[in-house]
Amino acid sequence: MIMKNKLEHYFDKLWPICRSITGDGLRQSFSILQELIPFQLYEVPSGTPVFDWKIPKEWNVKDAYLITPEGKKVAQFSLNNLHLMNYSIPVNKEISWEELKTHLHTLPDKPNAIPYLTTYYKETWGFCLSYNEFKQLPQSGTYKVFIDTTLENGSLTYGQCVLKGTSQEEILFSSYLCHPSMANNELSGPLALALLYSEIEKLENRYYTYRFVLAPETIGVIAFLAQFGLEIKEKIKAGYVLTCCGDHGKITYQYSKQANSVADEMMLHFLDTKYQNSNTRDFRVGGSDERQYCSPGFNFPVGTIMRTPYKIYPEYHTSLDNKSVLDFSCLAEIVYLLSDVCRGFEINHKIVPGHLFGEPMLGKRNLYPDKGGAGIMSSDLMFLLSLITLCEIHHTPLQVAQRLKCNILELQTALHIALREKLILPFSSSEKL
Amino acid sequence: MIMKNKLEHYFDKLWPICRSITGDGLRQSFSILQELIPFQLYEVPSGTPVFDWKIPKEWNVKDAYLITPEGKKVAQFSLNNLHLMNYSIPVNKEISWEELKTHLHTLPDKPNAIPYLTTYYKETWGFCLSYNEFKQLPQSGTYKVFIDTTLENGSLTYGQCVLKGTSQEEILFSSYLCHPSMANNELSGPLALALLYSEIEKLENRYYTYRFVLAPETIGVIAFLAQFGLEIKEKIKAGYVLTCCGDHGKITYQYSKQANSVADEMMLHFLDTKYQNSNTRDFRVGGSDERQYCSPGFNFPVGTIMRTPYKIYPEYHTSLDNKSVLDFSCLAEIVYLLSDVCRGFEINHKIVPGHLFGEPMLGKRNLYPDKGGAGIMSSDLMFLLSLITLCEIHHTPLQVAQRLKCNILELQTALHIALREKLILPFSSSEKL
Amino acid sequence: MIMKNKLEHYFDKLWPICRSITGDGLRQSFSILQELIPFQLYEVPSGTPVFDWKIPKEWNVKDAYLITPEGKKVAQFSLNNLHLMNYSIPVNKEISWEELKTHLHTLPDKPNAIPYLTTYYKETWGFCLSYNEFKQLPQSGTYKVFIDTTLENGSLTYGQCVLKGTSQEEILFSSYLCHPSMANNELSGPLALALLYSEIEKLENRYYTYRFVLAPETIGVIAFLAQFGLEIKEKIKAGYVLTCCGDHGKITYQYSKQANSVADEMMLHFLDTKYQNSNTRDFRVGGSDERQYCSPGFNFPVGTIMRTPYKIYPEYHTSLDNKSVLDFSCLAEIVYLLSDVCRGFEINHKIVPGHLFGEPMLGKRNLYPDKGGAGIMSSDLMFLLSLITLCEIHHTPLQVAQRLKCNILELQTALHIALREKLILPFSSSEKL
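Residue numbers (my numbering), protein chains in the order written: chain A, 3 to 435; chain B, 3 to 435; chain C, 3 to 435.
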């Protein structure tokens, strides 16, 4: 199946599930994604302290709705799981319109949209409705509120998958799973992450170890970091958080907090030379899980890849963020970009000159075209000679590519030949330079 | 009295006085300014060597004029003190037009302007006239020259005022007092300096010590530096010379010689983020007292603040540089700018993270709005989270503000909360980082 | 004789000679150039290993032509020495059109141009014709091929001339001599190099030692470097390769591989401040002898100066690259530029303040205009005061000039006065700063 179709197929399977930061919807979603990427799942018990936080109780929901004074069922969870404020406590009682009103949430400036709201850390309840639905409700009388949820000790689930390379150094990819039925700001990230896994798995003789993390946003990644953060701190070469990467807007790269890390450098290189219809913006708080990866004490070289940023596309955090927002070709492009970035990292090892004093005579190595004077030079020949001489001062293929204003992957053939002919040497096998 | 009115009130009092680099006009002007700022005055005797220079004789003037062959009094000092070349020796004699002519100075290309000239270091005399006046003088016959001045051993006066903070580190402000009746290039600087004093005095718990210097240009500041220069050399954090800051042109900041000092950095920050209708230009010789503060051996981090630079506004160094050139609101804006810069310095102490590993949970500290998911973040909350995470790599509020592209003073509330909650720590009380 | 006429005079003498990377045409050309610059000549025997290369056999040519089946002499070497592929082996035989065809070279897209081709490192032969000539040849029958060349053990010739200064530090100029009758891409470089010698010789009290190298491109410079490269490696302060510098296009400076060497810095300074109708471009492989000078192990600070770059001007490497391509005034401008750059290096010694604490009083040194207050400052006075103060942080005249945005040579008078008056000091004679 071609990538964009595969993305759509799994989107359709994941869409209806009501997820949260804990609970069975989350587990069910992981179980579908495990068809694509062999996540190992971790269950962290409610009440476990994780740095400054504590794992909340587990929340599950069977049903929820309101019954109007006229007996009409509205705000039905079974029709749209956004109707119930996420983490609402169980309720089964009759209350006045006046009291109910304080539990209803709408977006008057987007009258067709059901807002998405949560109450993870305060035990209360609420319903979300489109402003148009809200206006049609009788403004007096007694309503029945029915919320069949459980909020009990249980556990928070997150997934991790490590694809070993020959090195301990790691490239990290992370996305989040915790929103109910939303498309761009929920499913685009996990889907791209899962398909990226297959692309990386295809790379032969991988040098880097690749770590894929999928967890509920914020608390899930904090739980992950509490368990693995210090262990991986010294290993992480680069990492990227995937969020909102399925709409048809331009690719947006948000810098890591460090802003000049190799994660930033390699990504910017690809955006400059190969995926040029793109934007960048600075690291910021109020974003996704890069907030945790880049938090003081960790400060990982982790940037964020998206298309139109969260909060900027108008459907964000509402029922309008549905399949119509997505373009699966655009989502596939994110997978290809990240896979290219990894291929860039894979060949970007330190190199030094293998040949000193004057240009090497390429003719006697059968690397030079016959007739002199023609003034024509194939690009591979040009890349070969450039690598040989420039690696004296630019010690990585990436730096050479940046000097040449080409993409690092264009150097691949010439790099292979130069290493084979010992015209350049890997740094480790060279004399001290 | 509001600031611009106060500036105008004192302008009117200082305007008529004939000042020079020494003498009673200078002392009288200081005495008026002492109503606003408690200057301590220093008298440096004539003949005192000050570095490469020597304090000149003291000059005082009672009257001066010419009488034409027809008996008409012209070039009367009592009508405009620019008519007499500053530092002219006493003269009382009749001379021919031919001889007189060599002592007359005009500006043919500004025919209504009396030029401003001095002869501090060569004992001679001269009269300055508008070209229009000059043309009406009889071009032959005998003139009477009357100059009732004294040039005798005495002293040079300068003023200094030190406002103590808790630290030995200093912020320096300096302007000059030595020109006769001119407005922008004489009174704008001392007036702004005097009013700035009141603004700084209002700042509570001042960390920095503030030093205000007012002295005759060049020789006066050299005298000041000869007495205090080496003592303050290690204490000066930043400083600014005030000159020509009362016209309605754009604010102009001239870099210190160092060009990348904290004086430059903080001023540029305010010009970038709060006073944006402004220009910058590089340090140069041929300017004001920054030439001395930045001279080899001192090389103080001292920049220059002005509006339209000296030599560029057409009234410069002529009788046209009068009250009509000034806009007292513009002059007040300079006071506010410098006062803001000081407030910036006052909060710009080194900070380090107080909270490691993951975002702090703000909810349990009552710092987070109730409903999740809303995608709305107050600017103080955003500043708080930004300070907490960014101070790991940007160790001052100024650097954080520059990363956030906001003004440092916007961070004040968040900085206060973060320090109170120990989410960030002052560098000095932190463990070695 | 004025420079452009002298350039043209020697151009005309050198033009007809058939040069190659070895042989008597090369020696004859050197002998003419020795009228302008006292080259010492070196002969490197065929077969000598030079780094990765080996000196080829020596090639000489008496005559060459083809006779068509109809008995017509064509492709006559005696009419244009480009007709014979350079380094063709001797041939004297009759062959069929079919066989001959594989030895004929044309440029169909430039039908009037005879291409320039060589076969230095593969023993074969060939003729080059304009496409228009080629089309008129009978396409069948038997041709006579006559090539009266020798390819025998002999030697490769190159020239070097060292003009001693008081220092061991060197400025290097290099060009190449190896092409038959072509103008811009052959004679422009050697001619400029030769005339530059006279300009440098005129400089009094030269500090730097100047080394002029003229050698066959690539192999000749490799031979030079094999003999002198390691000896001069530590001495070379800056160097420039001259190529294609006689057309009327803009001056082009190609950076050294280091890109931020003093060679680059000084040249860019002159292009920015004095020769502003110019371009720059980055170092690249596939260029001229900078490939050898900048090769790993040497990495000399050597840039390349040209006008329209090789391969870009349409006459390159064809018979169209003749006298009509040249503008001898433009060629002369290259000589002046390089000579200016040398004058810049000659005065660019480290300096430190000779006067501390406050501006020096220039009046008592008779360096200040009489009347104060005029606001006018001669440029030399401005340069003097600027050098005195700025050399505290910018330790060379070049850095001072860059801060002042003027040309370094404009500082010459002020520099002389400041040193004479000990207002600045040469670094070496100063106390430790």
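Calculated from the structure, these hints are not laboratory results.
One or more hints might be untrue.
When chains are identical, the list treats them as one kind, so a pair holds in a single copy or across two.
[Unchecked claim] Below, a list of computed lysine-lysine pairs in the DSBU-like style, where the Cα atoms sit at most 35 angstroms apart: (1) Lys15 <-> Lys137; (2) Lys366 <-> Lys95; (3) Lys239 <-> Lys366; (4) Lys166 <-> Lys75; (5) Lys59 <-> Lys366; (6) Lys237 <-> Lys352; (7) Lys124 <-> Lys313; (8) Lys252 <-> Lys366; (9) Lys239 <-> Lys146; (10) Lys239 <-> Lys74; (11) Lys424 <-> Lys137; (12) Lys146 <-> Lys204; (13) Lys137 <-> Lys95; (14) Lys407 <-> Lys252; (15) Lys366 <-> Lys15; (16) Lys75 <-> Lys237; (17) Lys407 <-> Lys237; (18) Lys276 <-> Lys407; (19) Lys237 <-> Lys424.
Each hint tested on the structure:
Proximity of lysine 15 to lysine 137 under the C-alpha cut-off of 35 angstroms is restricted to the intra-copy arrangement: shortest distance 33 angstroms within a copy versus 70 angstroms between copies. For a Cα distance limit of 35 angstroms, the shortest separation of lysine 366 from lysine 95 across copies, 30 angstroms, qualifies, whereas the shortest one inside one copy, 91 angstroms, does not. Taking the shortest Cα distances, lysine 239 and lysine 366 sit within 35 angstroms of each other only across copies (34 angstroms), while inside one copy they are farther apart (40 angstroms). In the homo-oligomer, the alpha carbons of lysine 166 and lysine 75 never lie at most 35 angstroms apart, since the shortest distance is 53 angstroms inside one protomer and 73 angstroms across protomers.
In this assembly of identical chains, lysine 59 and lysine 366 lie within 35 angstroms of each other by CA distance solely across copies; the values are 16 angstroms between and 73 angstroms within a copy. In the homo-oligomer, the alpha carbons of lysine 237 and lysine 352 lie at most 35 angstroms apart both inside one protomer (18 angstroms) and across protomers (30 angstroms), since each shortest distance falls under that limit. Taking identical chains as interchangeable, the C-alpha atoms of lysine 124 and lysine 313 lie at most 35 angstroms apart only when both belong to the same chain, with a minimum of 24 angstroms there against 67 angstroms between chains. For the identical chains of this complex, lysine 252 and lysine 366 are neighbours neither inside a copy (49 angstroms) nor across copies (38 angstroms), given an alpha-carbon limit of 35 angstroms.
Proximity of lysine 239 to lysine 146 under the C-alpha cut-off of 35 angstroms is found in neither arrangement, the shortest distances being 55 angstroms within a copy and 69 angstroms between copies. In this assembly of identical chains, the alpha carbons of lysine 239 and lysine 74 never lie at most 35 angstroms apart, being 57 angstroms within a copy and 73 angstroms across copies at closest. Taking the shortest alpha-carbon separations for lysine 424 and lysine 137, neither the intra-copy value of 76 angstroms nor the inter-copy value of 46 angstroms comes in at or below 35 angstroms. Taking the shortest alpha-carbon separations for lysine 146 and lysine 204, neither the intra-copy value of 56 angstroms nor the inter-copy value of 61 angstroms comes in at or below 35 angstroms.
With identical chains, the CA atoms of lysine 137 and lysine 95 are at most 35 angstroms apart within one copy only, with a shortest distance of 22 angstroms there and 101 angstroms across copies. Proximity of lysine 407 to lysine 252 under the C-alpha cut-off of 35 angstroms is found in both arrangements, the shortest distances being 22 angstroms within a copy and 24 angstroms between copies. For the identical chains of this complex, lysine 366 and lysine 15 are neighbours neither inside a copy (60 angstroms) nor across copies (37 angstroms), given an alpha-carbon limit of 35 angstroms. In this assembly of identical chains, the alpha carbons of lysine 75 and lysine 237 never lie at most 35 angstroms apart, being 55 angstroms within a copy and 75 angstroms across copies at closest.
Proximity of lysine 407 to lysine 237 under the C-alpha cut-off of 35 angstroms is found in both arrangements, the shortest distances being 30 angstroms within a copy and 32 angstroms between copies. In this assembly of identical chains, the alpha carbons of lysine 276 and lysine 407 lie at most 35 angstroms apart whether taken from the same copy (11 angstroms) or from different copies (29 angstroms). Taking the shortest Cα distances, lysine 237 and lysine 424 sit within 35 angstroms of each other both inside one copy (30 angstroms) and across copies (30 angstroms).
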